[in-house]
Each structure stands twice: as structure tokens, then as C-alpha cells.
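2 protein chains.
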Amino acid sequence: MAVPEIHFCRRCGHAVEQRVPPMEDRLRAVCPNCGYIDYVNPINVVGTVPVWQHEDGQPRILLCRRAIQPRRGYWTLPAGFMEVGETAAEGAARETREEAGAHIELEGLFSVLDAVHVRQVHLFYRARLLDLDLEPGPETIENALVRIDEIPWAALSFHSVRRVLQDWVADHRAGAFGVHTGTVEHRR
Amino acid sequence: MAVPEIHFCRRCGHAVEQRVPPMEDRLRAVCPNCGYIDYVNPINVVGTVPVWQHEDGQPRILLCRRAIQPRRGYWTLPAGFMEVGETAAEGAARETREEAGAHIELEGLFSVLDAVHVRQVHLFYRARLLDLDLEPGPETIENALVRIDEIPWAALSFHSVRRVLQDWVADHRAGAFGVHTGTVEHRR
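As given, the protein sequences belong to chains A and B, one line each in that order. Position 103 of the first sequence, counting from 1, maps to 103 under our numbering, and the rest follow consecutively. Position 70 of the second sequence, counting from 1, maps to 258 under our numbering, and the rest follow consecutively.
No wet-lab data here; the hints were simulated from the structure. Some clues are possibly wrong.
As the list claims (entries may be wrong) - Here chain A is said to cover these stretches of chain B; the calculated rule only asks that three of the stretch's residues, wherever they fall, bring their Cβ under 8 Å from a Cβ of chain A: (1) 292 to 302; (2) 337 to 347.
Claimed, not checked - Sample of chain B residues at the chain A side, in silico, Cβ under 10 Å: (3) D213; (4) Y224; (5) N229.
Stated by the list, open to error - Derived list of chain A stretches under chain B, where covered just means 3 residues or more per stretch with a C-beta under 8 Å from a C-beta of chain B: (6) 31 to 45; (7) 76 to 84; (8) 100 to 113; (9) 117 to 128.
Keep in mind the model is a prediction, meaning the values are calculated, not measured. Every residue gets a Cβ at the ideal spot worked out from N, C-alpha and C, and that includes glycine.
With the rest of the complex left out, here is chain A:
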């Protein structure tokens, strides 16, 4: 697979060539001037399923309505790109703070989903909301705490969010949470 978005060397600025490097088996953007190889690899999206244990016995799930494209106006779980310098779990907690102002305690890995055609792996963690003080960030129009029977299935942002919520509801009903893997399309 060629790498069309790379035309120049990040390191020296020379025009790159599409070439199969020695000991490799696929095209890379290789700089003929300084030898730098600009590898492109899938990146991780990290997020949480933040849950409030309501006194009525019915859990409430924290959702965010997206203020940005793609899928502006649709509902999502808090999630975003993992950054350098953090663990996947730390990134998931950071996104939950940034998009909902939520205070959470992480409870464990829940989903590892491949979104091959967008070059992503989505990692979701279960989380316990510590309080109900929420503050939507700049990427969020509003937050909502929904019962299982209130999940807006037709207005979810991405297929991975739908998949994570489906697995969460099934595990909640079964009374035991596992770790789920699979492959998803990008859009719902």
C-alpha cells in the first residue's frame, strides 16, 4: 500500500520516494537524501464507559453529544486519540475529563476493537463515576446520563460506540464483565 499523504522528509525536507526498504516487504516513504523512513502505523483511540450507580438500582451511562466533525450532533462515549507520554488507561481517563469534566475511577479494560480502514484500534475501559459534577468540554455540546432503556441507538456517532454499548449492556445483564475483541466499521 502506498502512502500518498507523505511527499517530503520530516527530518531533512527532501522529496521522499516510495520504495521497499531492505529486509521489508512493503512500500514506505523513504528519503533518498538522509535515509529516513517515515513509517505509518495504526493509532489508538482510547475511551471509557463511565457509569453512575444510581440508588434506584438502574445504572446510568455517561454519553457526550459531539460538537465537532465527524458526526457532529451524534452521541458518543468519551474517547479520543492516545497521546505520547501516557498509558492507554491514562488517555481514556484524560478524554473522559476533557469531554465531560467527569471524575472517574477506572475499572478495567473492556474492549479492543480494530477499525482497519481508518487505521485505528479502539480501546475502551469500564469506569465508575465518582460524582455527578459534569462540565462538557469544547468538543461536547452536552452530556447525558442515560438508563439502558434510554440509550439513543439510532443517534450514536460510531459503530465502535454502538458495539461497546451493546457488549456493556449484555455483560451487565449477565452479571459479569469480560474483555471484548472484534472488528468494526468506522461509521455506525
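Chain A is already provided as a structure; the job is to place chain B on it using the hints.
Just chain B now, with coordinates in the frame of chain A:
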């Protein structure tokens, strides 16, 4: 955190600037000419724990002795960088073919380990060896099938390999395999 290795725009070749883009909170390599933002994110290393169910009842684990740096000459599990166009599991199976010529059947996600300081996440899968036809690839000096009491703990390549093997041995002894998460240093 600055991104010292990026000096020029991949897209247009202009010198980049370290700048905090609008709506973000950290420095990125931003092109003042075309506006391209060169994001740097952690990448995934994917691998397997390939096991042969020997007729003596003692499983054999497939290891590879590294023919390349870093840690040339040390023992590792088959693993390498996840590529665009594949799932994490497909990447793990590919690396197992490339480094050992092994024919395997994947059995499920086993480890998700953060290696923060090298900007990596390591995902390992359990795998069943289908036969004993092995063929070390160019990155491998030799392959070995070792009993649990033969694992060369002092000659393992990386801390993540040690951690995965420790967890595998513990789960094997307990008679049940889980999914393990944690943080590791790069070197053993």
C-alpha cells in the same frame, strides 16, 4: 512535549513550527505554509505466545532468538509493529509467520501492556501451533520450543516478553487464561 524529530512538513516540505493548535493543549509540529499538523501517537507492537501441546502433557512455547538490534542474540516471542491494513490479531499472526515460519491458530487476546517511554502499546495473543514445521525468518537466528522449566529468563529480550511469559505460566498453572494489562519498561 516537543517533537524534536520533525523539522519539515510531510505534505509540502516547508519548515514546521512547534505550536499549540487551536482547541488543543500541547505542542505539535504545525506547518505555517499549508496548515498540516504532524501528530505523533504511540504505536502498537503485536505478537503471540505460540504453544505446542506436546504428547507428554507439558506444553512447549515457541521462542525466537533475535538476529537484529536491539537485543540481538536474546530470546523473544514473535512480535513486531502493527501495519496499516490489518487487525492487531492479523498483525500478530503475520509476525509469527515472518519470524518463525510458524503455522498457528489464534486463541484470543492475552496481554495489553503500555511501554510509555518508547511510545508503544504491546498486544499479545495466545496461539496454538498447528505443526512443528518452523523456518526462522531474516530477523531470527534460531527458533526453540521450550518447556516451562526451560524458559531462558535471564536471556529474554524485553521486559514485556518476560511479563507475558510470567503471566502465561501463572495462568497455565491456574488452569484458566485471562486478559492481562499493565505497564512495562522497554528493556528486560
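Return the numbers of the hints above that this structure violates; sort them in rising order.
Violated hint: only 2; rest satisfied.
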